[in-house]
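Take the sequences, apply the hints, and build the full model.
Each chain, letter by letter, is given below.
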Amino acid sequence: MTLSPDAAILLTGVLVAVAAAPLGLFLVLRGAAMLTDAVSHAVLPGIVLVWLATGAVSGLLPMFGAVAAGLATVALVALAERSRLMAGDAAVGLVFPALFALGVLLVNLYARDVHIDADAVLLGEIGLVWLETRSLFGLDLPAAAVPLIAVAAVNFAVVGLLWKELKLSSFDPVLAAAMGFRPGLLHLLLFALTAATAVAAFDAVGVILFVAFVAVPPATALLLTDRPGRALGLAVVLAVVAAVAGQAIAVGWNISIGGMMAVATGLPFLLALLAAPRNGVLARLARRRQERLDHDCRALAAHLLSHRGAPDEAEENTARALREHLRWPPARAERVILRALDRGLIRREGARLELTEKGMAEAGALFDPTRRG
Amino acid sequence: MTIWLADPTLRTVLAGAAILGVTAGVLGSFAVLRRQSLMGDVLAHAALPGLCIGFLAAGARAPSALMAGAFLTGGLAAGAVAVIGRLTRLRTDVALAVVLSLFFAAGVVLLTFVQTRGGGAQAGLTAFLFGQAAAILRADLWVMGTVAAVSLGLLAAFWKEAEAAVFDPDHARVQGLPVAMVEVGLTLMVAVAVVVGLQMVGVVLMTAMLVAPAVAARQWVNRLAPMVLLAAACGVMAGSVGAVLSTLGRGLSTGPLIVLSATLIAVLSLLFAPGRGVLWRALRDRALRRRLEGRRVLATLAALGRAHDDPGYAAEAGMIDTAHGTATARVLARLTEAGLVRRVSRPPKTTPHWELTEAGHRVVGRSGERE
Numbered sequence: 031m032t033l034s035p036d037a038a039i040l041l042t043g044v045l046v047a048v049a050a051a052p053l054g055l056f057l058v059l060r061g062a063a064m065l066t067d068a069v070s071h072a073v074l075p076g077i078v079l080v081w082l083a084t085g086a087v088s089g090l091l092p093m094f095g096a097v098a099a100g101l102a103t104v105a106l107v108a109l110a111e112r113s114r115l116m117a118g119d120a121a122v123g124l125v126f127p128a129l130f131a132l133g134v135l136l137v138n139l140y141a142r143d144v145h146i147d148a149d150a151v152l153l154g155e156i157g158l159v160w161l162e163t164r165s166l167f168g169l170d171l172p173a174a175a176v177p178l179i180a181v182a183a184v185n186f187a188v189v190g191l192l193w194k195e196l197k198l199s200s201f202d203p204v205l206a207a208a209m210g211f212r213p214g215l216l217h218l219l220l221f222a223l224t225a226a227t228a229v230a231a232f233d234a235v236g237v238i239l240f241v242a243f244v245a246v247p248p249a250t251a252l253l254l255t256d257r258p259g260r261a262l263g264l265a266v267v268l269a270v271v272a273a274v275a276g277q278a279i280a281v282g283w284n285i286s287i288g289g290m291m292a293v294a295t296g297l298p299f300l301l302a303l304l305a306a307p308r309n310g311v312l313a314r315l316a317r318r319r320q321e322r323l324d325h326d327c328r329a330l331a332a333h334l335l336s337h338r339g340a341p342d343e344a345e346e347n348t349a350r351a352l353r354e355h356l357r358w359p360p361a362r363a364e365r366v367i368l369r370a371l372d373r374g375l376i377r378r379e380g381a382r383l384e385l386t387e388k389g390m391a392e393a394g395a396l397f398d399p400t401r402r403g
Numbered sequence: 015m016t017i018w019l020a021d022p023t024l025r026t027v028l029a030g031a032a033i034l035g036v037t038a039g040v041l042g043s044f045a046v047l048r049r050q051s052l053m054g055d056v057l058a059h060a061a062l063p064g065l066c067i068g069f070l071a072a073g074a075r076a077p078s079a080l081m082a083g084a085f086l087t088g089g090l091a092a093g094a095v096a097v098i099g100r101l102t103r104l105r106t107d108v109a110l111a112v113v114l115s116l117f118f119a120a121g122v123v124l125l126t127f128v129q130t131r132g133g134g135a136q137a138g139l140t141a142f143l144f145g146q147a148a149a150i151l152r153a154d155l156w157v158m159g160t161v162a163a164v165s166l167g168l169l170a171a172f173w174k175e176a177e178a179a180v181f182d183p184d185h186a187r188v189q190g191l192p193v194a195m196v197e198v199g200l201t202l203m204v205a206v207a208v209v210v211g212l213q214m215v216g217v218v219l220m221t222a223m224l225v226a227p228a229v230a231a232r233q234w235v236n237r238l239a240p241m242v243l244l245a246a247a248c249g250v251m252a253g254s255v256g257a258v259l260s261t262l263g264r265g266l267s268t269g270p271l272i273v274l275s276a277t278l279i280a281v282l283s284l285l286f287a288p289g290r291g292v293l294w295r296a297l298r299d300r301a302l303r304r305r306l307e308g309r310r311v312l313a314t315l316a317a318l319g320r321a322h323d324d325p326g327y328a329a330e331a332g333m334i335d336t337a338h339g340t341a342t343a344r345v346l347a348r349l350t351e352a353g354l355v356r357r358v359s360r361p362p363k364t365t366p367h368w369e370l371t372e373a374g375h376r377v378v379g380r381s382g383e384r385e
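Each protein sequence line maps, in turn, to chains A and B.
Okay, so the first sequence: first residue is 31 according to the working numbering, each after it adds one.
Okay, so the second sequence: first residue is 15 according to the working numbering, each after it adds one.
Hint data in this document are derived by calculation from the structure and do not stem from the laboratory.
Only a predicted model underlies this, so the values are computations on that prediction, with no experimental measurement involved.
Worth double-checking, as some hints may not be accurate.
Claimed, not checked - Computed beta-carbon distance windows for the label pairs:
1. B:A74 - A:N284: 55 to 61 Å
2. A:M209 - B:A347: 43 to 49 Å
3. B:L285 - A:V87: 20 to 26 Å
Unchecked claim - To spell it out: a stretch of chain A is covered by chain B in this simulated footprint if at least three of its residues, at any positions, have a beta carbon under 8 Å from a beta carbon of chain B; those stretches are:
4. 56-63
5. 186-197
Yeah, the Cβ is synthetic: ideal placement off N, Cα and C, and Gly gets one too.
Okay, structure coming up:
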C-alpha cells in the first residue's frame, strides 16, 4: 500500500509532533528549552563529520554522530559555565553558534551537492518526503518517517520507564540526587534523545521548527494543567492538531508546510497564554487586582480600628479621610468601601464608617497575627 | 594588504564587517552583562518575518524597509518574551524558546509566501539566513552605518544611565533613573545590532557576534568602558579576519568564518587572559599547591625535631613519606633547590635523611609560631 503525498506529509508531521512531545515536556519543566535549541543546531557538525568520514547520510551512523555532537554541546556549555568566566546564557550563546557555523562551513566546503544542505537543515523539506519511500510492515512509508517512528518509540519507552525519576529530578534535582537517582545522568540521557530526535526530524521540519514542536505544545499544556501526566497527553494532542491544521492551511495557501505546522502550535499557545484558567495572563492580572483590593480592605479595616474610640474618630473614619489622609484616588476609595461592605467588614453610620464584628476580627488579626490561629 | 583593499567588493565587505563588529561588540557587551545573551538569538531569528514584511511592504529589496521590518518584529518578540516571562509561571528560558521558534516559523511561512508571488527578487531573502556578505552594496553600507551611528550615539548620550541600570538597577531606581525605560532601550539596541548584522552573518549566526566579542573582552578588563571598546575591537577583528579568509577559496562563506573567528578570539581570551584566564588560573593553582606542599614538609621536619628535642634532627625519607601519606621525593627536591632542606647521611643507615637548613628554620619559624 502506498500513501498519497498528502498523507505521507501529514504522517511525517504528526510523527515529529509525537516524538518531540515527551522530551519537550521535561525540557520545558527543567527550563532547558534554549539548551535544546543549542543542541539541535549543534548536531549539524556531527552529521557532516560522520558523512565526511564514512559517506553515510542516513541510518544509524549519522545519528550516533549527532548524539555525540549534542552531548559535546551540553558538556562544553557545562564546562564554560563551571569556569565561572561567563554566565550560563553566555556559555550557551558562545558554544552552539560556533558549532553550527562549523557545520555550515563544512557543508559549504565539501557537501554542496550532497543530500545535506544548510538551508534544508534549517527549514526542512517536508513537502518532498513522499518522494523517497521505504517499505515497513508491507506499508510504503516515506523514508523520513522510519527513523521518526523509531525515535518516537524510544522516547516514549524511556520517558515511560523513567517517568517517576524524570519527574523527581525535574522538580527537585537535589532530592533526586540524595535518593541516588543520578539527575545529571538523566539530564544527559534527555539531551542524547533530543539530539537523536532532532536528526530524525531534520528532513521533515528543520532545526528551528523542531524546537517549536519541543517547546510550544508542552509550554501550552503546562499553562493549562499542573500534572505532568495530563500535560504530556495534552501536549501530544495539541502537537498533532497543529500538524494537521498546519498542513491544511499550508496546502490551501501554497506556503511552507513545516513552517505552518510550527506556526499552528502558536495559536493554542497564544490562547492559553491569555486565557488559561489559573496560569493565563488575564487570570494573573485579575488575581493581582483582586489581591490589591483585598489588601486595601485590610488597610481600611486597620485604619478604622486604630482610630476607633479615639477623639478624631468622627473625622478619620469617613470616606473623605480615605481620600485626603490615605491619599487614595476617589475611584479606588469607592471600590474599597464597596468591597468591604460586600464582605461585611464595615457598615455605614451616616458619614462614618464602622467596623463590624467580622471587620474587627480581621483588623485585630493584622495587629496580632498569633490570635488568628 | 593593498592588493586586497584595491578590490572594491572586498573593501565593501570589510567596511560592512567593521560596522557590524563595532555595533555588535558594543551592544553585545550590554546584553551579556545583563544576562541577555540568548535574547540576541531570539531577536535575530525574529528578524526573519520582519524582513519578509519589509519586502512585501516596499515591493523590493530596499535595505531600509527590510531593516525597519526586522526591527519591528524584533521589538515585538522582545515584548512577547517579557510578557511570558513576567506574567506566567513559564521560565524565561521557555519564553525565549517559544518566541524564537514561533517567530522564525512565521518567517519561514512568509518567506515561502514571498517566493510564490515575488518571482526572482526573493533570492535576496534566503541569503539572510546565513548572510551573504558578497551581496552587500555601497547603498546598504550607508544604511547600516547610519543605523549603527544613531544607536551608538544614543548609547553614548545615555551612558551613565545605561551603566547604572546594568550594574545596580535597584540603586539606579532609588536614584530616580528611569531604569525600566533604559532596559527596554538596551534590549531594542540589541535588535538594532541584529538588523545591522543581518546581511553579513545572517539571522542564525548573529547571536555569536553579540556574545563572543563581549565574552572575550570581559576576560581582559574589569571596567565597562574599556570592555565595550575592547569588544568593539574584537568584533572588528573577527569581522575583517572572516571577510578576508572567505576570499581565499570557493565555499568559504563569510558568515560562518566571521563567527568562527569571533569564537576563536573568545576561546583564546578565556585561556590566556592574564589573572583570569584558564591557563593563568592553572599556573597559579599549581604554584599555590607546591608552596603548600613545601610548607607542610618543612613543618613535618620541624615537628619531628621538636618531638626528638633536637632542632637539627634529620628525618629519614620514608618517615616523611609516612607522615604525609604520600611520596614526597619531588617536594624535597624542590625544597633542596630552594635551599630550605639539605640531604644528609646518618651512617650506619644507608637511606637518605633530610634536615632543615638555617633558611628552612627561618621559614618554619615565620609561619608556624602559633603551633
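For each hint, the structure was consulted:
Distance hint check: the CB atoms of A74 of chain B and N284 of chain A are about 22 Å apart, inconsistent with the given range 55 to 61 Å. Checked against the given bound of 43 to 49 Å, the beta carbons of M209 of chain A and A347 of chain B, roughly 48 Å apart, stay inside it. Between L285 of chain B and V87 of chain A the beta carbon distance is about 35 Å. The supplied range of 20 to 26 Å is therefore violated. Interface restraint, the stretch 56-63 of chain A with chain B: holds (4 residues with C-beta to C-beta distance below 8 Å; minimum three).
Only residues whose C-beta sits within less than 8 Å of a C-beta in chain B count toward coverage, and the stretch 186-197 of chain A has 0 of them, not enough to reach three; the restraint is violated.
Going down the numbered hints, you'll see the structure goes against 1, 3, 5, while the others check out.
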